[in-house]
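Chains as they are written, first to last, in the working numbering: chain A, -17 to 267; chain B, 168 to 577; chain C, 445 to 1003.
These are computed hints drawn from the structure, not numbers from a lab.
Fair warning: this is a prediction, and the values are worked out from it, not measured in the lab.
Glycine included, C-beta positions come from ideal geometry on N, C-alpha and C.
Be a bit skeptical, because a hint or two may be false.
Computed list of chain A residues with no C-beta within reach of chain B, every gap over 10 angstroms [as the list claims (entries may be wrong)]:
id	residue
1	I144
2	Y193
3	A194
4	L230
5	A233
A short, non-exhaustive set of chain A residues, derived as facing chain B with CB atoms under 8 angstroms [what the hints assert, rightly or not]:
id	residue
6	T(-8)
7	E34
8	G38
9	T165
10	R240
11	R242
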Amino acid sequence: MIDTAIASLTSGGAYALLGVGLVLTYRMTGVLNFAHAVVGAFGTYTAIVAFEAGVGYGVAMILGVAVAALLSGGIGVVMARWFAEEATIVRSTVTIAMFLGVLVVGFRLFGDTPRVVPALLPGVRLEVGTVTLTGSTLLSVGGVIVLAGAVAWFLAKTRTGIVLRAVSERPITARLLGVPLRTLVVAVWAVSGAVAGAAVTIIAPTRTNDYASLAILILPALAAALLGGFQRVGATIVAGFGIALVELMGARIPAVARYRTVVPFLVILAALLWMQRKEVWDEAR
Amino acid sequence: MLVTVMAIVVAACTGGSVEDDGQTTTTVATTQATVTTTAAPATTAADLEPIKLGSVNSLTGQIVFPEASAAAKAVFDRVNREGGIDGRPIEYLIEDDAADPAGAAQAARRLVEDEGVVAMVGSASLLECAVNGAYYAEQGVYSIQGTGVDPLCFASSNISPVNTGPYLGYTVSLYFASEVLAKENVCALIFDIPDFRPAMDAAIQQWRDLTGKDLAFSNFTLQFTDDVTPFVLQARDAGCEVVVSNGLDVHYIGFMQALQAQGIDDMAWVGLTSGYTAEVAETLGSMGAGSGILHVNSEFEPFTLDSPVLEDWRNLMTEAGVPLTSFAEGGYLAATIMVDVLEGIDGPITRESVSEALLALEGYEHPMIGSPYSFGDAPAHNPNRASKFLRLSGGTWELATDDWVVLPTG
Amino acid sequence: MRRGDLVLFGSVAAATVLFALLPPFWAFLASSAFISALLISSVGVVYGRAGMVSLCQVTFAGIGGWVVGYLGVATAVPYPVALVLGALAAVPVGVVIGLPALRLRGVNLAVVTLGFAVAVSSVVFVQGFPGARTNDPVTRPGLVAGERGFMVFTAAVFLIVAAALLATKRTRLGAAWEAVRHSERATAALGLSVSLIKLSAFAVSAFVAGLAGGLLAAQLGFLNARNVEPVDSLVVFVIGVFVGAHHVGGALLGGVLGSFFPELLRRLSIPQDVGPILFAIGATHILARGGRGLAEHLGRRRPAAGGDVVVLRPEGGAPTRHRADPGRDLVLRASGIEVRYGAVVALEDVDVEVAQGRILGLIGPNGAGKSTLVDVITGFHRPDAGSVTVGETVLDGLPAHRRARLGIRRTFQTERTVPALGAGEYLRLAAGGHLDRAEVVELLAFLDGPDPDTPVYAVDTGTRRRLEIMGCLAARPTFLLLDEPAAGLTEDESLRLADRLRQVPERFGVGLLVVEHDIDLVAAVCDELVVLDFGRVIGRGAPDEVLASDVVAEAYLGV
């Protein structure tokens, strides 16, 4: 059982990273970004293509993250320019359309064959009992810790972070105060794209990494973010690791194995209903 | 209102319909090629009505199989250059279903009802057998599948694939593991692909019936998106000596990576023909993983080896610019069989006469396959029961079996 | 049915006949279009009409298709019956999925429904559909066995469903969906159960989607998991949003686009994956032009400008008496009410009493707790201590809509009428029972309301506030609580309102509780005043006494 728990850390970290990106985008810009994972995958694949073309490994990785940031920033521009006044659901629906578009463009550009993504820290190994922690696992978990810390510090301690929090709660006020709303929004999107690119790049070497499989990581990311109520970064991280753990644990128990994709969903549903049990009325209306 | 307008617009764009006779040069979209009727000048084929053959393929989308139809087209193009069938050119229509069931259904209906094809040949799709099997039966159309993938390709009266397929192929692989590699603890790790489970269960049962042995450990719940490490660890803990798994090429890379990362080197691995690609060997070679461990099966004469049997295939594919893969072998074979069938028909070549000829087709031997191809009137067809196995050595594939491993009919 | 709708239905019928003349392949495409249109209509019900995001519509379709397949394999049930049974089978599933919707909204609900789609897909659909393994397809009965016949069948099913959904717009159910979409609190205040309304929307939506699934199963013979993937639900939802799925034309447009566009690409020799890319761009573009969808943009009627609204003035003559037997006047009593938010005390030990036929004024500075008290009495907020009774009946524990049904009605500080309904429709919805035209006109005239057919969005805020009051009165309540009815009114309008309010107890037999800042109005209208400050009652009695007292002056002026 312990080995399974440890083996789930890599995936858990990736789910947590992606989930936190979703929560950030939602909190700061009021959009549920269905295209989050596919944008990250697009960046990862750009890095792979560059690497296969002979570009140095580090440079290729940075390029990938930059491409993801750029793509996501582009979506942010579309959001800020044309959808600034629309309801959250409409804006989130647009990201579904974006998801489909980037998915299909990616198929065309990168083909359907999975690529070999070299592990970021090959040869790094840590023996824990009967299980070996690979470099990817360490990177994944480490990445989450670093990101969570960075986000918390940024939002609470830096001026821009506080401004962002203000903007997300009262966009009109912020605009009246001369805060460059559009720039900030696009910046948030770009950063979230970079985070997605990093997350997918970390996880890609450890599992089936054809383009579509990476894009579908949006599902566990959504589940993790959901459990955090789309508000709490800490809960999202815990949820991300939890979901990965439950999925793999479920695989070990024959009776449950077949249904293990359902378990996280049920758990999240129960948790959500419990958390919202007092919310009889919808907020604004 | 809009429906009417759209219909008129689209109808106006069409070249023709079933009612038209004669030279309909309908061009059909593919990512690979547009196919037209005209044979090369200088030979006699141009004036006679073309023989229409069709195929439904997954050409765009998540998982694509473009080489089978491309290879078949190369065969038919050569036939046309050399004068066609009794002077009639072959018009080969390649449709893309984009791995979408509705697309597959539309494509089949277009080919069968709109175009009036006499038969289907060389199709390679993720799901078209499931979607269209009953339709073909209803319409009296037969299909020599270039690459059968979904279970109904092997359970349909009107479809007979040239390849072994992932189910019988799994049985052959288990047989290889237990009888040729002669390992005691044989284990199974199976990806849970929609609709494939019952066929996998039947495949494993067939192995049990043939050998009287059973699996030491099995897990049928792997998902494509999983990290495979936990499952590899499970197999190790269960004392497996050899693991037989399904999946795509990437998954074999994943398994070997996991074995390497966890330092497991005493467990053999057998995979399906999807793992038998040059890229898998190269990739694993560059990682230093899987050598001596991974075996894969080849349902046709192995194409990475320099076999004289494959000379014509190799030349034709290179000339036509088709990548050299096992899918291209399948398409080539399917087209070759079809050409032989067409040439063997006395009298006019129509859907009825072709169907009749296919129903009578038994014991068709070809050096590229280890068991004879057949169609016939059985309710299901899976004629290819033989594989050759290869072992990964460094960065290349080595032959692991001198001759075909043919599954006994038990 | 409006003339535009009739034209649309007629065109569809004509187009179907036209297609029957073309080769069967076109009939097949047309069937696909109708099936897609039906699926998109289901999005129109749950999201377009009732305002809830559901990303699992294709899953409901899958369930319908599964049941149809099962009935085809295991029983001898004829296909049309199996089709309906399949759709009905999807209904309880829809209700179950609707249950989280009672507490979850917006993106939370969206993700939960998506999770459900993934769960069902990976557990049920991945096992395969009945008949697929045994190669036993759904057989269609003689008349619809061919492609053309089946096309006519799918067209008929779609048109019938579309007509039925259109018909609901005239009914209370349709108005109730509209109310829930706009505001849950408003809906409860109208005496309607928000839960039941939401569940009914999910149920109907699941039924329609289940029908689509059953048709698809018959069109293809059997389904497989790839027909009903979660991603497809996402696509259907996006299409539904951008075509405006709650309109028949919108749903049809979506269905036609889905079926015929790939064919168009094929004819133009454009690769198939250009389709999704164009879709992504197109959807983004259309959504940028407004979130209610293409069909609504295309078909929007110009709202009447303020000046064109016909306002009804009351005729002279004796007002109709609705008053119940005066000897049995009820008393609404709130005693010992306490509301705390953590350490903050919103209300402490508040006692308030209104008798039927009397008007009580509730005044006090901002933040005194007046609205909170109204919320507590009407059931919108549960107090930490205290009790609310009407006569002998104890109201504690009853949800807001039940209290509204029992005759306790209220208006909101920010008015909560339902913009998309007509004025008369709104009153009928509020009345909860039958309300004939004469009564509607009378009510509207009483407070200078607009013509019954005027849509609520077309009138100004002041009229809407009065409309809200009219709605309450339409329900013949025993008690009516008004939260700042004069806010934002001019002095003239205030006087007019005061005059009307004075008539209300006599004419309608209600007890009024009026929360107000307008001291003149309160002084003119009320029989008794209660003053709140910092959640406590600091004054009570006849208006002139209370208003002259020092305690009250101190509270207001801070002196």
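How the hints compare with the structure:
1. For I144 of chain A, the shortest C-beta to C-beta distance to chain B comes to about 38 angstroms, beyond the 10 angstroms cut-off, and the non-interface label holds.
2. Chain B draws Y193 of chain A into its interface by the beta-carbon criterion, the shortest separation being 8 angstroms against a cut-off of 10 angstroms.
3. Annotated as non-interface, A194 of chain A brings its C-beta within 10 angstroms of a C-beta of chain B; the closest such distance is 4 angstroms.
4. Distance check for L230 of chain A against chain B: the nearest CB is about 5 angstroms away, which does not clear 10 angstroms, and the non-interface claim fails.
5. In this structure A233 of chain A is not separated from chain B by more than 10 angstroms, as the shortest Cβ-Cβ distance comes to only about 6 angstroms.
6. With a cut of 8 angstroms, the hint placing T(-8) of chain A at the interface with chain B holds, because the nearest CB-to-CB distance is about 6 angstroms.
7. With its C-beta approaching chain B no nearer than about 11 angstroms, E34 of chain A sits outside the 8 angstroms limit, and its interface hint is violated.
8. The restraint placing G38 of chain A at the interface with chain B is violated, with a minimum CB-CB distance near 16 angstroms, outside the 8 angstroms limit.
9. This hint is violated: T165 of chain A has a C-beta 36 angstroms from the nearest C-beta of chain B, more than the 8 angstroms allowed.
10. The interface hint given for R240 of chain A is met, as the beta carbon of that residue sits about 6 angstroms from the closest beta carbon of chain B, less than 8 angstroms.
11. Because the beta carbon of R242 of chain A sits about 7 angstroms from the nearest beta carbon in chain B, less than 8 angstroms, this interface hint is met.
In the structure shown, a violation is registered for the earlier hints numbered 2, 3, 4, 5, 7, 8, 9, in ascending order.
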